[in-house]
Structure formats: structure tokens, C-alpha cells
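Student: Given next are the chains, with one letter for each unit.
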Amino acid sequence: MTGWSGQKSGQVDSGLANGRVAVSQFRVKGSAIKLEGVGKETLEQGRNRLVVAGVLFAFCFVVLAGRLVGLALSGDGSVETSGEHLQASRPALEKDVGSRGGIYDRNGQLLAVTLDTVSLFADPRKVPDADAAAKKIVRVLPDLSEATVRSLLSGDRSFVWLKRHLTPKQQYDVNALGIPGLFFRDEERRFYPFGPLISHITGYTDVDNNGIAGVEKYFDDQLSGRDRGQAEPVALSLDVRVQHALRDELSRYMSIFQAIGASGMVMDVKTGEILGMVSLPDFDPNRPSDFSSDSKFNKATLGVYEMGSTFKVFTTAMALDMRSVALSDGYDATEPIRIAGFRIRDDHPKKRWLSVPEIFMYSSNIGTAKMADAIGPKKHKAFLAKLGLLERPAIELPEVGAPILPPRWNTLETMTISFGHGLSVSPLQLSTAVGSMVNGGVYVNPTILKKTGETEVEGKRVISTKTSGVVRRLMRLVVDKGTGRKAAAEGYLVGGKTGTAEKAVNGRYKRNALITSFVSAFPMDNPRYVVFAMLDEPKGNASTHGFRSAGWTTAPIVSRLVSRIGPILGIAPKDEQSESVQKALHIPVYSREKNVASF
Amino acid sequence: MRWNLTVFFLALFACVSYGLYQLSYEVQQLEDDLAGLRRGIENNHEAVKVLEAEWAYQNRPDVLQALAARHLPLLLIAPYQVAALDDIPVRGAGGGAPEMRVPVPRSRPGRGLRDRQAPPGSLHLASFSHGTERDEGVQ
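Chain order of the listed sequences is A and B.
For what it's worth, the UniProt record's numbering labels the leading residue of the first sequence as 1, then goes sequentially.
For what it's worth, the UniProt record's numbering labels the leading residue of the second sequence as 1, then goes sequentially.
One thing to keep in mind: the hints can contain errors.
As the list claims (entries may be wrong) - Simulated pairs of lysine-lysine, DSS-like, Cα-Cα distance not exceeding 27 Å:
# : chain 1 : residue 1 : chain 2 : residue 2
1 : B       : Lys49     : A       : Lys163
2 : A       : Lys136    : A       : Lys169
3 : B       : Lys49     : A       : Lys135
Claimed, not checked - Derived list of chain B stretches under chain A, where covered just means 3 residues or more per stretch with a C-beta under 8 Å from a C-beta of chain A:
# : segment
4 : 45-51
5 : 66-75
What the hints assert, rightly or not - To give a feel for the contact side, a few chain A residues facing chain B, derived at Cβ under 7 Å:
#  : residue
6  : Leu110
7  : Val113
8  : Leu115
9  : Asp116
10 : Phe191
11 : Pro193
12 : Phe194
13 : His244
14 : Glu490
15 : Gly491
16 : Ser563
17 : Pro567
18 : Pro573
Hints in this document: simulated from the structure, not taken from any laboratory.
We put the CB at the ideal spot given by N, CA and C, even for glycine.
Assemble the whole structure, with the sequences as input and the hints as a guide.
Tutor: Next up, the structure:
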């Protein structure tokens with residue numbers, strides 16, 4: 001170390017302030033310079049301060065260096081935090097960018113999606129020439145009126161909406177106009193690519209993207225991510241192709257028979273999945289406010305109707321399952337039944353003894369009423385309760401109607417309900433119950449959610465497998481030789497039951513207003529799907545010879561529909577005349593008619 | 001020696017600070033790149049969603065049905081038109097069938113067809129006639 005030690009010679013009070021003088025008085029002794037006295041003290045003090053400052057700075061640098069090493073090693077610092085923050089603010093970056101989850105059909109078709117849109121607004125004070133700007137804007141946005149835009153732009157407010165939810169192309173065009181004072185704001189909008197096709201099931205959202213109907217409402221928490229913090233998509237059991245075929249056929253026949261409404265359903269009998277569900281008239285969920293509340297009414301789940309003769313399926317199945325009557329037995333249907341001031345008569349009276357298969361295929365009210373009467377009101381009610389016909393069905397939709405039960409349930413009610421009058425149920429309930437009649441006798445809860453192949457479908461047994469087999473053949477008999485012949489779809493072995501009911505208005509039946517329905521299943525040798533069709537107030541025309549009963553008006557819908565959806569659903573058509581099919585679906589009619597010429 | 005050490009440390013200091021600055025700028029650059037990529041991914045996601053919606057919209061069944069009705073001779077599928085894959089005979093299983101299907105230039109179309117018999121087991125196309133009326137009719 002260099003020993004700088006000053007040695008004072010002479011009185012230099014000025015110290016270092018006058019360096020030249022001081023230095024001139026240094027006496028060099030060897031290599032060391034020595035300073036003594038006041039100068040030495042001053043130097044010492046300065047050196048001490050220097051050291052303190054140096055230590056401080058060194059400490060700071062050590063801290064910085066340590067921090068640097070720490071950052072380099074652990075990698076956990078502000079840089080990474082910002083990255084994490086970025087990710088945390090967009091949790092669904094990988095799965096779904098939008099804030100609300102999408103709705104898909106069973107094949108992954110997009111049914112509802114939230115898109116980021118831009119809305120155009122203006123600051124009129126910054127728009128230099130309102131006239132020219134209005135002209136240009138109307139050129140690219142033709143649905144705006146020039147006068148409105150001009151008056152908006154010439155006001156002295158600082159913010160006016162010009163148009164909400166532009167398409168990307170419109171945004172590009174407006175941008176290309178280069179008008180100062182126009183701005184875009186990012187917004188979100190729910191979009192339904194299929195428009196009215198699936199309107200009643202998807203439902204719709206309000207302007208704040210809250211679900212207010214249908215699946216949008218029922219799964220609002222899941223779709224918006226309110227329950228788990230992440231928006232999740234919903235996969236429905238619907239098949240868009242089936243849905244379209246159903247809607248297409250229903251609307252076609254609705255216009256042919258000038259009906260005021262229609263509804264239909266296609267349901268998987270094994271899993272309870274609904275593949276198609278239509279209620280007409282319907283609405284476009286992209287602009288729900290343009291449609292009346294009548295069109296938003298879901299006839300398939302919310303509407304309850306007296307279904308008429310389709311209930312004979314349940315009465316017959318019940319009587320056979322409880323062994324109250326054998327297939328070869330029958331009842332006398334010669335005279336109408338008079339009970340409590342009512343007269344129960346047949347629409348197509350045969351005026352003779354009818355066997356059970358005949359009662360079913362000719363849709364005899366008298367025979368069915370006697371069949372139910374033999375069982376009694378209590379058991380009858382319990383049986384219908386097992387089929388889910390007496391309580392509100394459980395399905396993933398908010399719009400579900402409860403059935404309307406008679407105020408009391410005695411012999412008269414049992415007789416009328418046996419052929420479908422006096423008890424109002426929704427098409428959904430009817431389809432589910434018929435599904436349980438033909439699928440081997442197991443009630444499966446209906447669902448509009450897609451079921452994966454692995455999950456075992458739970459159900460409760462309502463009738464025996466053997467009875468279910470008989471019901472299948474009886475329903476096939478109706479299409480083969482009975483009232484539902486127009487429902488036949490070659491190769492698909494359709495079986496079903498017609499139902500014609502007068503509409504009850506203010507507690508009285510309107511003779512001229514009918515609800516005609518047809519409930520069917522196919523293929524009848526091993527039913528896979530239940531198909532239901534209903535027309536509200538159809539009118540007869542020349543092609544039906546003025547008739548408007550279900551066999552004339554709704555059965556053809558099922559025929560065409562099954563022919564269309566059979567290939568889509570992968571049902572291989574069979575030769576209906578082949579021996580194996582004939583054998584599997586053969587049922588003896590046990591007719592006692594004298595001249596059995598027709599079959 | 002002392003000076004050497006000082007110079008060495010100065011040089012080291014200069015190098016390290018240069019390196020640090022370089023690193024710092026590099027990190028900033030990477031940060032910007034990352035943010036840009038994220039923005040790009042997000043934009044692409046959004047674009048994909050718009051395109052998916054557009055695709056679904058353009059594939060509405062009623063539109064497809066109208067197009068099919070206009071351009072394709074398809075009606076309701078009759079049961080006899082549906083066949084399983086196994087029902088189709090394997091081509092060439094009978095041996096030597098393929099050369100029948102190769103169009104060979106001929107002086108007169110259809111001449112000589114009468115003599116050639118399709119080998120057993122080969123697929124008879126609807127347009128393939130065994131040269132009877134059509135053979136004489138088409139000159």
C-alpha cells in the first residue's frame with residue numbers, strides 16, 4: 001500500500017485550498033509524503049467519508065448483483081409475472097376465446113357461438129363534413145338511412161352509436177372510408193348460424209349475453225363460466241340433419257293442411273336422447289324481439305294436449321301386462337257406452353265384438369274404455385304415473401309444462417283417459433312413454449344432452465319384455481292394416497298409433513278444431529327411434545277427401561320423415577315381405593267377423 | 001500488476017454490463033414477440049370462430065337441400081338403393097376383369113361389344129349393355 005502521509009512544514013492555514021502553495025512546501029522524504037496538522041485531519045476525514053460512501057455503493061451493487069443472479073437462476077421475477085398475468089386474464093385462450101361457451105350438436109355442428117364484433121360510433125364534433133360522411137357511410141352500410149346518419153353526425157354530442165355489431169367486411173369498408181371522427185368499439189354477440197331451425201332448444205340471450213330461454217337459460221352458469229370460472233361448451237343430443245328433416249316435413253304438411261301449428265320429435269328409445277324436436281311456428285334466435293310470444297312457445301315440451309287415441313297404446317299394454325285380458329280376448333263394441341251423462345262411441349264403428357288387436361287397429365274407444373274399466377281407476381292411475389305422464393317431466397330445458405290431471409279420477413275418468421281424453425300431457429311425455437312401451441319395457445328419462453357410449457343408461461322397468469314385444473306388433477299392425485296405413489315407409493318397418501282429439505277450449509270440446517297426432521317407432525323388429533308428429537287444427541283438403549283425422553294428416557309426415565332420416569341414422573332398410581320379418585312381426589288378429597275378406 | 005488487475009476488472013465490468021444490457025434488450029424483444037404471438041393467436045382463434053360460424057351458416061341444411069335439388073338428381077333414397085359395403089363384389093375377383101373397363105379407341109363405337117362377354121363376377125354398370133339394341137342404334 002502506498003503510504004500517503006502528509007508532513008506539514010510551515011504554517012499553511014489555507015490547507016488544500018491553495019494547493020500550489022501547499023505542494024511547494026512539501027518535503028519529499030523518500031517516496032512517502034507526509035502531511036501533518038490540520039491538513040492531515042481534513043484528509044483523514046475526507047478519506048473516511050470516501051470509504052463510507054464506497055461501502056454504501058458497494059453494498060448497493062452487491063444487492064443488485066445478488067438480485068440479478070437470483071433472477072437469472074430462479075427465473076421468477078416481474079417478467080414472468082406479467083406473462084402469467086396475461087394468461088390468468090385469458091383463462092380460456094386454448095379452449096374458447098369468447099366469454100360464453102358454444103353449443104354443439106351431437107356431431108359437433110356449431111349451434112350457437114359468441115363472436116367478437118365491433119360497433120361503429122362517432123364523435124360528431126370531430127367529423128368535419130357530416131353531409132359527405134353520411135353519404136359515404138350509407139354507401140357501405142345500406143341499411144342505414146342517409147338522413148338519420150346526417151342528423152346524428154351534425155348534432156353537437158360527443159358520442160352517437162351509428163351501427164351495432166358490424167360484420168368484419170363492413171368494418172373493413174368503413175375503415176377504408178377514412179372518415180375522421182368514426183370509431184369502433186369491441187363488443188360480443190351471440191350468433192346462431194342455423195337461425196330458426198333449433199330455436200326452441202337453444203333459446204336465446206339478452207343484450208348482455210345472459211341466457212333467457214332454452215338451453216341458454218338452463219345451462220347459463222356453465223356456458224358463461226359463472227360456476228367454475230371457465231366457460232364450457234354444451235354438446236346436445238340433437239342431430240341437425242334429423243332436426244331439419246323434421247322441421248321441413250312438419251312445415252310442409254302444416255301448410256298443406258293449413259294447420260295453425262305443428263310439433264314433432266325424434267327420440268332414441270334406448271338412451272332417451274332427443275335427436276330432433278320441433279315446434280312450429282318458430283322464431284329466429286338471432287333477432288327474438290321480431291317474433292311474437294306465440295312463436296316462442298315450445299309446443300313439444302311446454303304445451304300439454306289431450307292426445308286422443310295414442311293413449312290406447314298405454315291402455316292396451318297395461319291390460320296385457322296385468323293379464324286382465326288376453327290377446328285373443330276382446331270386448332263387445334256394438335253399443336256406445338253411456339256413463340254419467342256421457343256417451344262413449346267409436347269414430348269408425350264396427351258394431352260387433354272386437355278382439356284386442358282389432359280394438360287397437362280400428363282404434364275403438366268403446367273397447368279401450370271397457371279394457372281400462374276392467375282394471376280400475378287406481379291401477380290405471382298408478383300405471384300412467386309409472387310412465388311419467390302424471391308429473392312434470394325432467395329435461396334440461398326451462399320451458400317444461402306440467403300435465404293437467406282431472407280433478408278426480410273415477411270410472412268415468414279412467415274410461416275417457418284410456419283413449420286419451422281428460423288428461424293433457426306434452427308431446428315430450430307421450431314420446432318418452434311410448435319409447436318405454438317399445439324398447440323392451442324400460443322407462444328412460446329423456447335428455448337433450450349427448451350421452452357418451454360408455455355410460456350405462458339407467459331406467460326403470462314398467463312392463464315386461466314380452467308385453468313390449470306384443471305392443472310392437474300391435475303398433476306395426478296399425479300401420480300395416482289399421483288406421484295408420486299412410487305412415488308406412490318401405491323398408492323401415494314403421495309401427496305407430498294415430499290420435500285425433502278435439503281441442504278443449506274453455507272447458508268445452510270444439511268440434512271443428514282438432515289436434516291430430518301420430519306416435520310411431522321404427523324399425524319395429526328392434527325399435528331404435530320414436531317419431532312423433534302433431535298438427536294443430538289441420539283442415540281437410542281434396543287429397544284427403546275432406547278428412548282431417550290423424551291417419552290422413554299426420555301419418556304421411558311420419559312416412560316421409562322416416563324415409564328421410566332412416567339412412568341418416570344408419571338404419572338399414574329391410575325387405576318387409578321377407579319371411580324372417582313377417583315372422584317376427586306376425587300377430588294373430590282373432591277376428592270373429594263373418595266374412596274376413598280384407599286380410 | 002496492480003494496473004493490470006484494474007484494467008482486467010474494468011474490462012470485465014465493461015463486458016458484463018454490455019452483456020447485461022444486451023440480455024435486457026433481448027428479453028424485452030422476446031417479451032414483445034411473445035405478446036405479439038399471443039395477440040396473433042387470439043386473433044386467429046377469433047378468426048377461426050368467425051369462419052366456423054360462417055361455415056355452419058353456409059351449410060344450413062335448407063340451403064344444401066335447395067342446392068341439391070337444383071344440381072343433383074337426388075330424391076328420397078329408396079330402400080333398394082341402400083347397400084352394405086360387403087354387398088359390392090370385389091373388382092377383379094374373377095380374374096382378368098380390369099382390361100374390360102379400359103376405354104380403347106375404336107373405329108366404330110360399340111362394334112365388337114357383342115362378342116365380348118363380361119367375365120363372371122364383375123360389376124355390371126348400368127351404362128354397360130351387352131351390345132343389343134344400343135349396339136345397332138348408335139352409329
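Student: So, for every hint listed, does it hold in this structure?
Tutor: Evaluated hints:
no., hint, in the structure
1, B/Lys49 with A/Lys163, "holds, 22 Å"
2, A/Lys136 with A/Lys169, "holds, 15 Å"
3, B/Lys49 with A/Lys135, "violated, 33 Å"
4, 45-51, "holds (count 4)"
5, 66-75, "violated (count 0)"
6, Leu110, "holds, 4 Å"
7, Val113, "holds, 5 Å"
8, Leu115, "holds, 6 Å"
9, Asp116, "holds, 5 Å"
10, Phe191, "holds, 6 Å"
11, Pro193, "holds, 4 Å"
12, Phe194, "holds, 6 Å"
13, His244, "holds, 3 Å"
14, Glu490, "holds, 6 Å"
15, Gly491, "holds, 3 Å"
16, Ser563, "holds, 5 Å"
17, Pro567, "holds, 5 Å"
18, Pro573, "holds, 3 Å"
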